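Visitor: Protein chains in written order, with numbering that gives the first Met the number 0: chain P, 0 to 326; chain B, 0 to 78.
Bear in mind the hints are in silico, worked out from the structure with no lab data behind them.
None of the values given here were measured: they were computed from a predicted structure.
Built from N, CA and C at the ideal position, the CB exists for glycine as well.
There could be a bad hint or two in this list.
What the hints assert, rightly or not - Counterexamples of contact, computed for chain B against chain P with all Cβ distances above 10 Å: (1) A1; (2) P8; (3) W22; (4) K43; (5) N46; (6) A51; (7) E57; (8) V58; (9) G63; (10) V65; (11) V68.
Claimed, not checked - To give an idea of the interface, some chain P residues facing chain B are shown, with a C-beta separation under 10 Å as derived from the structure: (12) T5; (13) I32; (14) G249; (15) D250.
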Amino acid sequence: MSDVETMNDELLLDIYRRANLVYQSDEKMRNLILSGSLQILYYSPRGQEILAAALMAALNADDYLVTTYRGIHDQLAKGIPSSDLWAEFAGKGNGTCKGKGGPMHITHPETGVMVTTGIVGSGMPIANGLALSSQLEGDGKVTVVCFGDAASNIGAFHESLNMAQIWKLPVVFVCQNNLYGEHTPVALSTGCDELIDRAPGYGIRAVQVNGNDAFAMYGAAKAAVDHARAGNGPTFIEAKTFRFFGHLLGDDSHYIPAEEMAAAKAADPIPAYRAALLDRQITEATLDAIDAQIAEEVEAASAHALASDYPDPAELRRDVFEKEIAA
Amino acid sequence: MANAVIRIPKIGVSMTEATLVEWHVADGGAVEAGQPLYSIEMEKATNEIVAAVSGRLEVIGEVGTVYQVGDLIGKIALS
């Protein structure tokens, strides 16, 4: 499944860069929110960085992405420029959506980030629509839609997998299974033991993978994307992962057994991937230089966001209808 | 020396205010990034907030007082 052998250093470092951009951005975001400097609701992706980095590295720059409110890892890894993304998270007028979307609705068509939705399970029919347009236009693009484990209990998940398979749509459904839907473990909300067990009912190609293993995740993603681009239809990927900072920042994760959290942190995918690269003779100096470059980027992007202005109230009348609403 | 401000964070969907219930570090004490700094009570829950940076704490907010999100409750002189 995985083409670990064919993953060259350039690709491995690309994944490293994407993952650590997410890691450092998330840390900065949490610090600014907890110190009260940035007052937004935040759903940290800490622990899910490698999954997003390996997944997005398997896509072309103009492929489409649909994601959810826990989506900053997907959005940064897909390539939204840091300063534009940070400004939108802060609700500023120079953000990706002119400050009108905020963290829950990040959109940046220039990098293929078409929709971020705040409604659990609502992204999949939208992804099918994007994939259908690519199929009709013959533009060769693949759509990836990310969602959590609990979204697989929503009706739209089942309808979307079925329809995508019937129409052989170029779409990849990526369930980022972090084992908890808000505050509820999968076992208390889902009838089957493994989410991948739902796929055979729709005849859809399905893969279960350790999303925190960059090599396995990239292999699964690349195979699914190639399959879709070749016109062979959709894939359902269940990528196992974990989140370290609760559902919403401020949630103390008391519903997660301490030993489960400790085990997950001991297997933190960020240092694990760094160790894997060092094992492959990539040097500390190379990785440190990337980290330093990212630190500068994050510092500049966050400062830019904090210093920028909120949208002009007149913006309320724009982007609602085709023409501006008269004052 | 540069100071990092400590303001009441927004950590709940409908949160607008919180009661400062405890400082875990004394005024003037040394703070390490990541250590529990203070606790607030809001929406029937108590949350422990960790320090974002290391340095020396200057307490401004008073225990038992209700503060709005964004209110300044302390500073950390960066070390």
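Visitor: Now tell me, hint by hint, if it's right for this structure.
Guide: Tested hints:
1. A1: Check passes; 13 Å lies beyond 10 Å.
2. P8: 5 Å, violated
3. W22: The claim holds: B/W22 sits with its nearest Cβ about 15 Å from chain P, beyond 10 Å.
4. K43: 13 Å, holds
5. N46: B/N46 not clear of chain P: closest Cβ-Cβ about 6 Å, inside 10 Å.
6. A51: Not fine: 4 Å to the nearest Cβ puts B/A51 too close to chain P.
7. E57: 14 Å, holds
8. V58: 15 Å, holds
9. G63: 19 Å, holds
10. V65: 15 Å, holds
11. V68: 6 Å, violated
12. T5: 40 Å, violated
13. I32: Since chain B brings a Cβ to about 6 Å from P/I32, closer than 10 Å, the hint holds.
14. G249: This interface hint holds because 3 Å falls under the 10 Å limit.
15. D250: 8 Å, holds
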